[in-house]
Amino acid sequence: MNQSHLLEPVTGIVLLVVFGGLWIALGAWWGRKAKSSEGFMLAGRNVGLALGTATAMATWITSNTTMMAPVFALKQGVWGLLAYSTASFGLFLFAPMAMRIHKLLPRGFTSGDFFRLRFGNVAWGIFLVISVVYSMAWLVTMAIAGGELVNALSGISYVTGLTVIMAVCIGYTLFGGLFAVIGTDFIQSVIILVGIVVIGVAVLTKTSVPEMAANLRADQPGLIAFFMPVALLAVFNNMFFGFGEVFHNNVWWSRVFAMRRSVAPKAFFLAGLLWFPIPIAAGFIALSAGTLGINVVNENMTGPLVASRIMGADGGGTVAGVVIFVVLFCSLASSIDSLLAATSDLLTRDGFEKLLRRGRAVSEGVRRNVGKYAIVGTGLLGWLLALPRWPIQHALFLSGPLVASVIWPVIAGLYWRKVNRNLVIAAMLLGSGTGLYAYFEIGWFTASLISVFVSMILTVAGRFVKPESFEWKGLGAND
Amino acid sequence: MLIRRSSPYYLLFLLAVVVGGLAGEVGAGDVQFTVPGDAESVNSEGVVSLVWDGKEGVEYEVQQGDSVLFENAKVRYAGPDHGSVLTGFEEGSYYFRVRDAGGEWSDVVRVDIEFMDRQQVVLLMVVGGLVFLATVGALLAGHFRQRGQEVA
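From first to last, the protein sequence lines stand for chains A and B.
Sequential numbering of the first sequence, starting at 1, is according to the working numbering.
Sequential numbering of the second sequence, starting at 1, is according to the working numbering.
Simulated from the structure, these hints should not be mistaken for lab results.
One or more hints might be untrue.
To be verified - Partial list, computed: chain B residues near chain A (C-beta under 8 angstroms): (1) S44; (2) G46; (3) S84; (4) E90; (5) S93; (6) M116; (7) M125; (8) V131; (9) A134; (10) L139; (11) H143.
Using N, Cα and C, we set each Cβ at its ideal position, and we do this for glycine too.
Given only the sequences and the hints, what does the whole structure look like? Please build it.
Rendered as structure tokens:
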């Protein structure tokens with residue numbers, strides 16, 4: 001299979017070096033603000049609305065948004081576009097939860113803190129396994145996408161592209177912590193928004209919606225049909241996957257703790273609003289492929305391929321390649337850095353301090369060093385797991401049932417004073433198990449849906465069957 | 001038997017079978033599909049991924065037909081690539097063949113698009129809708145109930 005590259009390898013290398021160097025320099029500059037481990041992990045707990053909204057939106061615009069949304073549209077059509085955009089609902093619903101989290105854990109550090117204090121050590125252990133597995137799956141898919149992007153656009157080898165992108169992200173996260181992550185997120189979100197608009201407008205100059213509809217009706221009728229089972233079920237599956245990702249993961253909880261209390265709910269709601277049209281715009285590009293006679297060979301590269309063909313058609317091949325490279329680099333980096341920072345926080349706070357040190361006091365210097373080792377270690381592990389170049393969709397969607405099983409335990413933990421802890425544990429385990437079974441026996445498009453359904457039944461049962469009372473003030477005793 | 005073994009027509013028949021078989025071997029295109037790997041396959045998503053072998057720098061043509069005879073065939077791809085992801089198929093059987101410019105057609109592959117049972121889909125959609133409403137309801141109910149209260 002072959003499709004020509006839009007950029008010369010030299011241009012690709014120059015872009016990697018320039019952007020990589022710039023991002024690391026920014027990371028080092030912002031990192032000066034982190035005077036303590038709390039500053040490093042939570043950016044001083046003082047992030048305002050603009051930066052808060054930008055970081056939430058940019059983190060959620062991952063390479064999955066810019067590269068998987070077109071794949072969803074290519075394979076599942078209009079329903080696929082809508083299925084992907086339902087992931088914004090997780091941000092909307094997290095807005096009120098952010099308010100509650102701030103109230104209950106004013107000095108909280110991680111989502112693991114919440115689970116340990118609310119449900120005890122067993123639930124906490126299961127939660128940590130789910131969270132780390134999902135975070136690594138997300139990180140690996142970003143890393144794979146980075147290598148494939150560089151390879152597809154410029155011909156630079158997959159391993160080289162993967163290595164450079166991971167090294168850059170590890171570098172500036174290491175220097176700047178959450179200050180660097182949030183600062184670069186703001187720049188990246190602006191670039192992504194502008195880039196998506198530019199590419200979307202370019203598509204509309206080459207074809208029209210009526211022309212696309214006519215072509216789809218003739219050659220790809222399933223993409224605009226109402227009854228397309230996989231597409232229809234993907235709407236719910238993606239939505240619950242999104243709920244689970246946002247409700248449980250420390251990437252989002254750390255942002256809640258980093259933002260000012262009055263800012264967090266507004267920031268998440270605005271981020272959801274701004275994010276909602278992004279996958280629709282990205283997916284729309286893919287729907288034009290047939291009309292424009294663009295042959296898709298590797299479905300994972302649908303978005304960059306169509307964008308590059310459209311923008312390169314007027315002789316602006318190199319410019320098109322640079323624009324696409326920059327937009328996709330930003331979408332990758334804005335998520336990889338968040339994952340590195342949040343996962344290392346979880347490993348440091350929950351893994352090292354609470355589990356290994358059993359809550360004994362840890363000096364500031366040791367905490368910062370462990371945090372930095374955790375960033376490097378997480379990044380290295382992500383790089384190693386990305387080397388085999390798995391199919392992206394499979395790697396990430398397998399973790400869908402795991403995170404979906406935590407949706408109801410989180411809701412119960414935040415809002416219900418009384419719930420049976422053992423049934424909450426059962427909800428996570430059985431939800432994950434049945435979801436994984438559905439993944440392999442029925443299809444990926446049912447896994448998260450079935451997981452959340454089973455988990456919901458058991459968690460709701462826990463409200464009525466031997467519920468255990470909990471004092472909310474127990475969550476405020478953070479050390 | 002329709003033709004007796006002792007009949008000269010039987011010998012002609014055997015000869016025709018042998019020649020026809022050889023022709024099938026010799027006349028079969030140099031290009032063949034490597035994906036899908038089987039002559040018949042099933043897909044539930046309405047997606048057909050085709051990959052074929054062959055030389056670089058050659059133009060290929062992929063045809064889609066409603067039957068193995070390829071009456072009313074449609075050209076789905078013409079160009080130098082060695083693969084194509086075709087999507088948006090509704091339920092039914094689809095036949096594909098590929099050739100290089102001026103070459104013979106490859107062996108035909110058939111892909112059956114079979115969707116999930118409609119009742120199963122409707123059931124899962126109803127479950128999804130109920131879980132969505134319950135999730136949003138529980139969250140908002142908890143939010144409004146706890147909003148004005150102090151942590152106690």
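Checked hints:
Look at S44(B): its Cβ gets to within about 7 angstroms of chain A, closer than 8 angstroms, so that hint holds up. Evaluation of the G46(B) hint against chain A yields a held restraint, the C-beta minimum of about 4 angstroms falling below 8 angstroms. For the restraint placing S84(B) at the interface with chain A, the shortest Cβ-Cβ distance is roughly 5 angstroms, inside the 8 angstroms limit, so the hint holds. Interface hint at E90(B): satisfied, since its Cβ lies 5 angstroms from the closest Cβ of chain A, which is below the 8 angstroms cut-off.
This hint is violated: S93(B) has a C-beta 15 angstroms from the nearest C-beta of chain A, more than the 8 angstroms allowed. Given the 8 angstroms rule on beta carbons, the hint for M116(B) holds: about 4 angstroms separates it from the nearest Cβ of chain A. With its C-beta approaching chain A no nearer than about 6 angstroms, M125(B) sits inside the 8 angstroms limit, and its interface hint holds. Because the beta carbon of V131(B) sits about 5 angstroms from the nearest beta carbon in chain A, less than 8 angstroms, this interface hint is met.
Among the interface hints, the one on A134(B) holds; its C-beta lies about 6 angstroms from the nearest C-beta in chain A, closer than the 8 angstroms criterion. Because the beta carbon of L139(B) sits about 6 angstroms from the nearest beta carbon in chain A, less than 8 angstroms, this interface hint is met. The beta carbon of H143(B) comes within 4 angstroms of a beta carbon in chain A, closer than 8 angstroms, and the hint placing it at the interface holds.
Violated hint: 5 only; the structure is consistent with all others.
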